[in-house]
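S.K.: This is what each chain is made of:
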Amino acid sequence: MSNSPSVISQNPGEHHETDVIIVGAGPVGLFAVFELGLLDLKCHLVDILDRPGGQCAELYPEKPIYDIPGSPLVSGQGLTDNLLAQIKPFGAKYHLAEMATALEKTDAGKWRLTTDLGTTIEAPVVVIAAGGGSFQPKKPPIPDIAKYEGSSVFYAVREMEQFRGKNILIAGGGDSALDWALNLHDIAGSLALIHRRPDFRAAPDSVNKMRELVTTGKMELIVGQVGQLHGDDGQLSSVTIKTKEGEFSRDVDCLLPFFGLTMKLGPVAEFGLNLHENLIPVDTEKFETSEPSVFAIGDINSYPGKLKLILSGFHEAALMSQQAFRICRPDEKLRFQYTTSSTNLQKKLGVR
Amino acid sequence: MSQTDDNKIILKVTTQSGEKHELIALDGWRAMEVIRDYGLPIKAECGGACSCATCHVYVDAKWQDKLFPPTEEEEDMLDEAFEVQENSRLSCQILMSEALSGLSVTLAPGSEPE
Ligand SMILES: Cc1cc2nc3c(=O)[nH]c(=O)nc-3n(C[C@H](O)[C@H](O)[C@H](O)COP(=O)(O)OP(=O)(O)OC[C@H]3O[C@@H](n4cnc5c(N)ncnc54)[C@H](O)[C@@H]3O)c2cc1C
Ligand code: FES
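Residue numbers (this note's numbering), protein chains in the order written: chain A, 1173 to 1524; chain B, 6 to 119.
Extracted from the complex, chain A is given alone in its bound form (with noise of 0.2 Å):
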C-alpha cells in the first residue's frame, strides 16, 4: 500500500465553492471525478474514512475483483489506485476523515454542504455516492453503552489532554487499540489494555512497546472482555471484567473500545431525500433523487434492476454528469466526444 499515489486532504473547517459536491470518495466517487471532469466540471469529494477508496479499501484491500470490464483481475487497493491515477488530472479536492452531517439549499439557490470539523462546501450539484453508508466505529452490544457516549466511552481520540489523570480502560487488539494505549499511558492516571486473547494482530513492533510498558508496571494488561457499565449521569465509574478465571470489577473513568469499523446509513438520512429501506430511490436516466440538482450513484441508490456491483456504478456516473452539466452550465452545449479521438478531451487528460 505504500506505493498509493498520494492524496492530500484539505484542512478542515474552510469554506469552498464548486461544481459539484461528491459525498462518498468509494470507486463510484471517485469515477464520478473522471465522468465529470471531462465535462470540465470541478469536483469535491467529502469521506469519513482517512483515505480514499470506500469498501474496496476499507473492506477487501487484498481481495481480487475478477468482473470490472477490462481488468481481469486487480484488488480493491489496486482498482482505488488505478482510478486516483486516471482522475489525477481533474485535481478535484478532498476532504477525508470528516462527516458531512448537513446538507441545505442557499438563499441563492445552490447547495451547502457541512461537514462535522466545520467545512462548508457550495455548489449547484451535489452527489450521493455514500455506498453501503459512511464507516463508523462498531459499537460494543454492552446494555446502557450509550448513556456514557461522548463523556465517559469514546470510540475515537480527538483530544489528548481531556484524558489526563483519568483512569482509562482500552479495548482491543488491532493498531488503533495499541496506538493510543501507547500514546496515552503518559499522561493517564492509570491504563489498561483488555483484549480478549493473549495475541494480538497489531503491528508486532506495538505490540513489544505495549508488553515493555507492562513489565515495567506502567500499564497493564488484561486478557479478558469488558461486562456491565456501572456509573450515573453518564460519568462511569467502573466496569464489570469479564476472565476466563471469573468476573471482577475495576475503577475505569473511560473507556475506549476499538472494534474496527462498520457501515451505517448515517447523516445522509437527514439530507432530506426520499428513502427506501435505507436507499435512495433515483431515475434511471440521470440518477437524480426525489430533489432536483441531488444526485444518488453507486451502492447507496436503487431503481429497478439495480445490482450493487462497480461497473452500475461507474455507467450511473457517465449518465448522471450529463444532467450534472446542463445544470452548472446552462447555456452551454454538450457534446458527446470519445476520448480516443477529441483532442479537447485529450487536452483536459493531460495526454496533449
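If you're looking for bench data, these hints aren't it; they were derived computationally from the structure.
As the structure is a prediction and not an experimental result, all values here were calculated from the model.
Check the hints yourself; a few may be wrong.
For lysine-lysine, the following DSS-like pairs were computed, each having C-alpha atoms within a straight-line distance of at most 27 Å [claimed, not checked]:
no., chain 1, residue 1, chain 2, residue 2
1, A, Lys1478, A, Lys1436
2, B, Lys48, B, Lys25
3, A, Lys1520, A, Lys1505
4, B, Lys67, A, Lys1416
5, B, Lys67, B, Lys17
6, B, Lys13, B, Lys48
7, A, Lys1277, A, Lys1458
8, A, Lys1381, A, Lys1214
9, A, Lys1478, B, Lys48
10, B, Lys67, A, Lys1414
11, A, Lys1505, A, Lys1519
12, A, Lys1277, A, Lys1214
13, A, Lys1414, A, Lys1458
14, A, Lys1436, B, Lys48
15, A, Lys1282, A, Lys1265
16, A, Lys1520, A, Lys1214
17, A, Lys1414, B, Lys48
18, A, Lys1458, A, Lys1260
19, A, Lys1436, A, Lys1277
20, A, Lys1458, A, Lys1505
21, A, Lys1265, A, Lys1277
22, A, Lys1235, B, Lys48
23, B, Lys48, A, Lys1311
24, A, Lys1381, A, Lys1338
25, B, Lys48, A, Lys1480
26, A, Lys1260, A, Lys1505
27, A, Lys1416, A, Lys1311
28, A, Lys1416, B, Lys71
29, B, Lys48, A, Lys1319
Add chain B with the ligands to chain A, keeping to what the hints say.
M.R.: Relative to the frame of chain A, chain B with the ligands by itself:
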C-alpha cells in the same frame, strides 16, 4: 454421519432473539450465505471476505470439534467481534457439507443488521 432421510444438509440457527430455524444448506456454501439467503438477521457486511466479523456465531458444543479449526485470519478477525467465547466462529468461514448436516449455531450479539 448425521443426515436426514433425503440427504438434505440441515443447518440449525438460533437468532439473536432466540427464534429457532432449520435451514436447508447447499454443499460447499458458507453457513453465513445460507443464513443470509433465508433472510435471517445477519449483517455479514463484507459478504464473506473474513474482514468484518459481523457474521459471528456460537457453535453448539457438540459440533465444535467437527469443524475445521479457525485460521489465523479468522482468529484475528474475531478480535473485532463482541462477547467472543470458546465456541465463537465466523459463519462465513464454515463451509457446509454432508458431514456438517445438523450443525447448530446461534447468532452472536453484534451480528444484527442495522
Ligand atoms: C468483500 C467484498 C467484495 C466485493 N467484490 C466485488 C466485486 O468483485 N465486484 C463488484 O463489482 N463489487 C464488489 N463488491 C461491492 C463493491 O465494493 C461496491 O459495489 C462498491 O464499493 C460500491 O462503491 P460506492 O462508491 O458506491 O460505495 P462505497 O465503496 O461503500 O463507498 C462509500 C463511501 O462513502 C462514505 N460515506 C458515506 N456517507 C458519508 C457521509 N455522510 N460523510 C462522509 N463519508 C460518507 C463511506 O465512508 C465510504 O467510504 C464487493 C464488496 C465487498 C464488501
Ligand atoms: S461476513 Fe464478514 S467476516 Fe464473515
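S.K.: Give a verdict on every hint.
M.R.: We went through each hint and held it up to the structure:
no. : hint                  : result
1   : Lys1478/A / Lys1436/A : 20 Å, holds
2   : Lys48/B / Lys25/B     : 18 Å, holds
3   : Lys1520/A / Lys1505/A : 17 Å, holds
4   : Lys67/B / Lys1416/A   : 21 Å, holds
5   : Lys67/B / Lys17/B     : 13 Å, holds
6   : Lys13/B / Lys48/B     : 26 Å, holds
7   : Lys1277/A / Lys1458/A : 21 Å, holds
8   : Lys1381/A / Lys1214/A : 46 Å, violated
9   : Lys1478/A / Lys48/B   : 20 Å, holds
10  : Lys67/B / Lys1414/A   : 24 Å, holds
11  : Lys1505/A / Lys1519/A : 19 Å, holds
12  : Lys1277/A / Lys1214/A : 19 Å, holds
13  : Lys1414/A / Lys1458/A : 54 Å, violated
14  : Lys1436/A / Lys48/B   : 11 Å, holds
15  : Lys1282/A / Lys1265/A : 19 Å, holds
16  : Lys1520/A / Lys1214/A : 12 Å, holds
17  : Lys1414/A / Lys48/B   : 26 Å, holds
18  : Lys1458/A / Lys1260/A : 25 Å, holds
19  : Lys1436/A / Lys1277/A : 25 Å, holds
20  : Lys1458/A / Lys1505/A : 17 Å, holds
21  : Lys1265/A / Lys1277/A : 22 Å, holds
22  : Lys1235/A / Lys48/B   : 20 Å, holds
23  : Lys48/B / Lys1311/A   : 14 Å, holds
24  : Lys1381/A / Lys1338/A : 21 Å, holds
25  : Lys48/B / Lys1480/A   : 16 Å, holds
26  : Lys1260/A / Lys1505/A : 25 Å, holds
27  : Lys1416/A / Lys1311/A : 23 Å, holds
28  : Lys1416/A / Lys71/B   : 24 Å, holds
29  : Lys48/B / Lys1319/A   : 24 Å, holds
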